[in-house]
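Build out the structure end to end from the sequences listed, making use of the hints.
Residue numbers (the working numbering), protein chains in the order written: chain A, 1 to 335; chain B, 1 to 335.
Please note that the accuracy of each hint is not assured.
[Unchecked claim] Over 12 Å on every C-beta distance to chain B, these chain A residues come out as not near it, computed from the model: (1) Glu40; (2) Asn53; (3) Asn117; (4) Val254; (5) Val297; (6) Gly303; (7) Glu308; (8) Arg319; (9) Ala327.
[Claimed, not checked] Restraint ranges, calculated between C-beta atoms of paired labels, are given here: (10) A/Gln276 x B/Pro277: 53 to 59 Å; (11) B/Trp181 x A/Pro251: 40 to 46 Å; (12) B/Pro251 x A/Asn53: 38 to 44 Å.
Hint data in this document are derived by calculation from the structure and do not stem from the laboratory. We put the beta carbon where it would ideally sit given N, CA and C, even for glycine.
2 protein chains.
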Amino acid sequence: MAKPPIFIDNLQYANYSPALFDEMAAAGLSAVHVTICYHENFRQTVENIITWNRHIAAHPHRLMFGRTAADVHAAHSSGRTAIFYGLQNCSPIEDDIGLIEILHQLGVRFMQLSYNNQSLLATGCYEAEDPGLTRFGRQAIREMNRVGLVVDMSHSSERSSFEAIECSSRPITITHANPSWWHPARRNKSHELIEALTDAGGMIGFSLYPHHLKKGSGCLLADFAEMVAVAAERYGVHALGIGSDLCQDQPDSVVEWMRNGRWSIERDFGEGSAAQPGFPPQPNWFEGIKDFPNIAVGLAEVGFSADEIADIMGLNWLRFYEQNFGATAQGETTG
Amino acid sequence: MAKPPIFIDNLQYANYSPALFDEMAAAGLSAVHVTICYHENFRQTVENIITWNRHIAAHPHRLMFGRTAADVHAAHSSGRTAIFYGLQNCSPIEDDIGLIEILHQLGVRFMQLSYNNQSLLATGCYEAEDPGLTRFGRQAIREMNRVGLVVDMSHSSERSSFEAIECSSRPITITHANPSWWHPARRNKSHELIEALTDAGGMIGFSLYPHHLKKGSGCLLADFAEMVAVAAERYGVHALGIGSDLCQDQPDSVVEWMRNGRWSIERDFGEGSAAQPGFPPQPNWFEGIKDFPNIAVGLAEVGFSADEIADIMGLNWLRFYEQNFGATAQGETTG
Numbered sequence: 001m002a003k004p005p006i007f008i009d010n011l012q013y014a015n016y017s018p019a020l021f022d023e024m025a026a027a028g029l030s031a032v033h034v035t036i037c038y039h040e041n042f043r044q045t046v047e048n049i050i051t052w053n054r055h056i057a058a059h060p061h062r063l064m065f066g067r068t069a070a071d072v073h074a075a076h077s078s079g080r081t082a083i084f085y086g087l088q089n090c091s092p093i094e095d096d097i098g099l100i101e102i103l104h105q106l107g108v109r110f111m112q113l114s115y116n117n118q119s120l121l122a123t124g125c126y127e128a129e130d131p132g133l134t135r136f137g138r139q140a141i142r143e144m145n146r147v148g149l150v151v152d153m154s155h156s157s158e159r160s161s162f163e164a165i166e167c168s169s170r171p172i173t174i175t176h177a178n179p180s181w182w183h184p185a186r187r188n189k190s191h192e193l194i195e196a197l198t199d200a201g202g203m204i205g206f207s208l209y210p211h212h213l214k215k216g217s218g219c220l221l222a223d224f225a226e227m228v229a230v231a232a233e234r235y236g237v238h239a240l241g242i243g244s245d246l247c248q249d250q251p252d253s254v255v256e257w258m259r260n261g262r263w264s265i266e267r268d269f270g271e272g273s274a275a276q277p278g279f280p281p282q283p284n285w286f287e288g289i290k291d292f293p294n295i296a297v298g299l300a301e302v303g304f305s306a307d308e309i310a311d312i313m314g315l316n317w318l319r320f321y322e323q324n325f326g327a328t329a330q331g332e333t334t335g
Numbered sequence: 001m002a003k004p005p006i007f008i009d010n011l012q013y014a015n016y017s018p019a020l021f022d023e024m025a026a027a028g029l030s031a032v033h034v035t036i037c038y039h040e041n042f043r044q045t046v047e048n049i050i051t052w053n054r055h056i057a058a059h060p061h062r063l064m065f066g067r068t069a070a071d072v073h074a075a076h077s078s079g080r081t082a083i084f085y086g087l088q089n090c091s092p093i094e095d096d097i098g099l100i101e102i103l104h105q106l107g108v109r110f111m112q113l114s115y116n117n118q119s120l121l122a123t124g125c126y127e128a129e130d131p132g133l134t135r136f137g138r139q140a141i142r143e144m145n146r147v148g149l150v151v152d153m154s155h156s157s158e159r160s161s162f163e164a165i166e167c168s169s170r171p172i173t174i175t176h177a178n179p180s181w182w183h184p185a186r187r188n189k190s191h192e193l194i195e196a197l198t199d200a201g202g203m204i205g206f207s208l209y210p211h212h213l214k215k216g217s218g219c220l221l222a223d224f225a226e227m228v229a230v231a232a233e234r235y236g237v238h239a240l241g242i243g244s245d246l247c248q249d250q251p252d253s254v255v256e257w258m259r260n261g262r263w264s265i266e267r268d269f270g271e272g273s274a275a276q277p278g279f280p281p282q283p284n285w286f287e288g289i290k291d292f293p294n295i296a297v298g299l300a301e302v303g304f305s306a307d308e309i310a311d312i313m314g315l316n317w318l319r320f321y322e323q324n325f326g327a328t329a330q331g332e333t334t335g
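In structure tokens:
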């Protein structure tokens, strides 16, 4: 019997529980990049890391720490899921560039430079203006490059993203978004940006969040798979992966926190609206973690080969992990 | 014998000591707006407030809390100095709009929206680009207006400052800067900006920091006073005050902290240079707090009347305090 493939979901923020860890195993997920924070400061982020460390310690037959690509192989061999930590905002580094190395030492492997709003590093996709990277942002990217903390521009704005690609000496990512030529949502990305990202060795993870999908909750698996096929022609199969943005079992208070944090007195509905303020329903072919293998079925139906499907479903992210989670020769750390 | 005038220095960051509190009394300063933080977060700012609260408690014959214009009158009557707290950055509110009211309740009366760099609210004058106010910035100004925390744009960039004037329903300030038509330093302000500020009821405090002065440390009192005379013609006497930016007795490590905070690995020299990294020497007619009355002498020599001198030296700030430190009718607070 052939060894099962290596599946990686490179962005989730579910309301995790033993039932969902069982789903990860059933779905064959060898690695999941989980979000550790949206607006939290350093101390609160450490608390969230402790919560995750305890999940992993409490479920040794299901989970293991994800720090390197080798951890994904180990998880795959033992039928477990390697959990990689990531930050959807730079709020955990506060105004302190020294916290970049500290967070890497605590296991963090991805950090967004902004989340919807202007940050100290870069602009978010909901701001009216986009001045690009700040003075602190340029220094932060160099430090992230040095220690091996990957830049993620999923919630950042266009010019800031172009400048991050240009400024970074290592490939960067958009872990969870779709092309705006397929569905012109504010969070989706232009052809030119995805092209610049992937030309520089970066990767995009396709999102299954309904606001990022053509036809929203009514998007068909075939629609999604056809989008991936066009993207493969335009950007090459090796630049593509999945970052589902799945918020399984989360209450609507969580999406309100994501959108409003502590910065807003007025209520911001983000991609939703006053009429639809909560999480939108998932498409019926991707209701949760258990459905991750369905994506492979859809990709096969639009003509991808078995090797190409294996790449998109996990091996591309695995190669990206191999190359980008370690320190540079000049940047060796104690972590 | 005539009652002594009310002098107000609306921006200092000295290394305070009993000797300097004696100088305040000798100089006849009835109020000083002291800087409480440059890059500190909320908790660290509270610690700095505690330090100042203890200074005031320990020197009851010299100092008193400054919260309202009435406190300035009380200080003046009793020969003391009312100490008003201010923030040169928005770092103390972190990403939490609720901290604006909390800081006002703790006695803070001025807050800069940015300090040289991009902040979560507005752009600093050292950034290459200036996109104006952020989404959070617009909400923060409304909240500052509500509780009576005055917006200060001294270290912000031009467009952000214009937008703050426009967005704010109450007058704002530039507590410490000079006109760039007199000395084109990066921190000084354009004619158009000072005009917009003062047309909207705002005030500018003239700075005695050598990098803001024509001829730097060699600036003469007559040069400074002539600049004030031209500014009075252009903007009206009532819009003018003093914010000396005096850093008396501070070690050079302090100016390095101001410029670099925790955000920079490379060393930033700000208005200085590698050849002159420290604090520049003060002009010999304004070496410290004791020399505050010299400004009045200089103003008399260029032809200001006694009433005009009293206005510039303190009464204009006093009127500004009267109108801008209280909550709006809709914004009554417990502070």
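Going through the hints against the structure:
Listed as a non-interface residue, A/Glu40 fails to keep its Cβ farther than 12 Å from every Cβ of chain B; the least gap is roughly 9 Å. For A/Asn53, the requirement that its beta carbon stay farther than 12 Å from each beta carbon of chain B is met, with the minimum near 25 Å. Here A/Asn117 does not stay apart from chain B, with its beta-carbon only about 5 Å from theirs, under the 12 Å limit. Non-interface status of A/Val254 relative to chain B is upheld: no Cβ of that chain comes within 12 Å, the nearest being about 17 Å off.
With a minimum CB-CB distance of about 41 Å to chain B, A/Val297 clears the 12 Å threshold, and the non-interface call stands. Annotated as non-interface, A/Gly303 keeps its C-beta farther than 12 Å from every C-beta of chain B; the closest such distance is 43 Å. At roughly 41 Å from the closest C-beta of chain B, the C-beta of A/Glu308 stays outside 12 Å, upholding its exclusion from the interface. Every beta carbon of chain B lies more than 12 Å from that of A/Arg319, the smallest distance being close to 30 Å; the non-interface claim holds.
Every CB of chain B is more than 12 Å from the CB of A/Ala327 (nearest about 15 Å), matching its label as outside the interface. Separated by about 56 Å at the C-beta atoms, A/Gln276 and B/Pro277 satisfy the suggested range of 53 to 59 Å. A C-beta distance of roughly 58 Å is found between B/Trp181 and A/Pro251, which places it outside the suggested range of 40 to 46 Å. Against the hinted window of 38 to 44 Å, the Cβ-Cβ separation of B/Pro251 and A/Asn53 comes to about 42 Å, which satisfies the hint.
Checked against the numbered hints given earlier, this structure breaks hints 1, 3 and 11; the rest are met.
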